[in-house]
Structure formats: C-alpha cells, structure tokens
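Colleague: Sequence:
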Amino acid sequence: SSPAAASTGRLSWLARLYIYSLHGLAIEVCFCAVWYLIERFEVRLHGYSSVWSLPIYGLSLLCMEAQSDWLQSRQVPMPLRGLVYLAWTYAWEFACGSVLKLFGANSWDYTDYANYHIYGLVNFDYAPLWFTSGLLCERYLLVWARSLRWDSG
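Position 18, counted from 1, in the sequence shown is what this note's numbering calls 18; the numbers after and before it change by one each time, with no gaps.
Read the hints as simulated data drawn from the structure, not as lab findings. The structure displayed is predicted, hence computed values, not measured ones. Wrong hints could be hidden among the right ones.
Restraint ranges, calculated between C-beta atoms of paired labels, are given here [unchecked claim]:
#1 M78 <-> W144: 17 to 23 Å
#2 F94 <-> C32: 18 to 24 Å
#3 V51 <-> V143: 23 to 29 Å
#4 G9 <-> F31: 29 to 35 Å
The beta-carbon is built from N, C-alpha and C at its ideal position, and this holds for glycine as well.
Take these sequences, add in the hints, and give me the full structure.
Modeller: Structural data, given as structure tokens:
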C-alpha cells in the first residue's frame with residue numbers, strides 16, 4: 001500500500017495538494033498564453049508562472065474543500081457559494097502576494113494593468129473569472145480529486 005493512501009484507499013491530503021498545485025500552475029500558464037494571444041497576438045502561446053504558484057494554488061484548493069463541504073452541508077445556494085469562493089480567492093491572493101512582496105518574490109503586479117486593484121496584489125477585473133472558476137472547481141476538480149483511489153493491484 002502506498003504511504004500516501006489512507007486506509008480507505010482514498011488519496012491523502014498530501015496527494016490532493018500535489019494534484020491541486022499542478023492543476024493551478026497548468027491553468028495559470030495556459031491562461032497567460034491565451035491572454036497574450038488575445039492581447040498581443042502572441043501566437044507562440046508562451047505562458048508563464050512562478051514556482052511559488054504551486055503551494056499557493058495547492059493550499060488554496062485544499063481550503064476550498066473544507067469550504068465546499070461546509071457550504072454544501074448547509075445548503076447554501078450556488079451563487080452565494082460562488083461569492084464565498086471569490087472572497088476567499090481575493091483574500092488568499094492578497095495574503096500570499098503581500099508575503100512574497102516582502103521578499104521581492106511576488107510574480108504578479110496589477111498596478112499598471114488593472115482598472116481596479118489593491119496595491120497591485122489583487123485585480124478586481126478578474127471577479128467574474130474567480131467566481132466562475134471557484135464554482136467549476138467545486139463541481140468538477142474537488143469532486144474528481146476526492147473520488148480518486150489508490151490501486152491495490
């Protein structure tokens with residue numbers, strides 16, 4: 001049996017952290033590539049990110065698991081759950097960006113880019129994107145990752 005597997009065969013939180021981290025990094029790289037294609041007609045589709053994104057996305061999505069469980073157990077309507085995920089995303093992005101900025105390691109700065117931002121750390125123009133992606137993660141990614149099992153054979 002794998003050391004990462006729980007007694008039920010479900011993936012451990014550490015294995016899910018790994019999946020969420022890689023998922024977030026991949027989505028960010030693809031988003032940036034498509035954004036530059038639209039904005040600058042950059043047809044090479046070069047996306048970018050930072051290794052710091054791995055723990056940022058991974059830990060955020062682990063926290064969203066708990067949020068999702070709590071919200072759904074109380075039958076909170078989907079639009080309100082989306083707002084909770086949106087608020088969580090902005091709070092997490094601001095907190096992580098603030099810490100990274102202290103060490104000169106922040107890889108994003110919306111100061112000259114976004115119409116509405118806080119200290120260049122969060123971009124309110126992305127609200128529809130974060131709202132939608134939070135609900136999509138709840139509906140698909142979190143459910144899928146939690147349904148995975150280790151193969152005993």
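Colleague: Does 29 to 35 Å hold as the CB distance between G9 and F31, or does it fail?
Modeller: About 33 Å separates the Cβ atoms of G9 and F31, which means 29 to 35 Å holds.
Colleague: Could you check the hint for me, namely that F94 and C32 are 18 to 24 Å apart, CB to CB?
Modeller: Distance hint for F94, C32 holds at roughly 20 Å.
Colleague: Between the beta carbons of M78 and W144, is the distance compatible with 17 to 23 Å?
Modeller: holds, 18 Å
Colleague: Taking the beta carbons of V51 and V143, is their distance inside 23 to 29 Å?
Modeller: holds, 28 Å
Hint compliance for this structure: no hint is broken.
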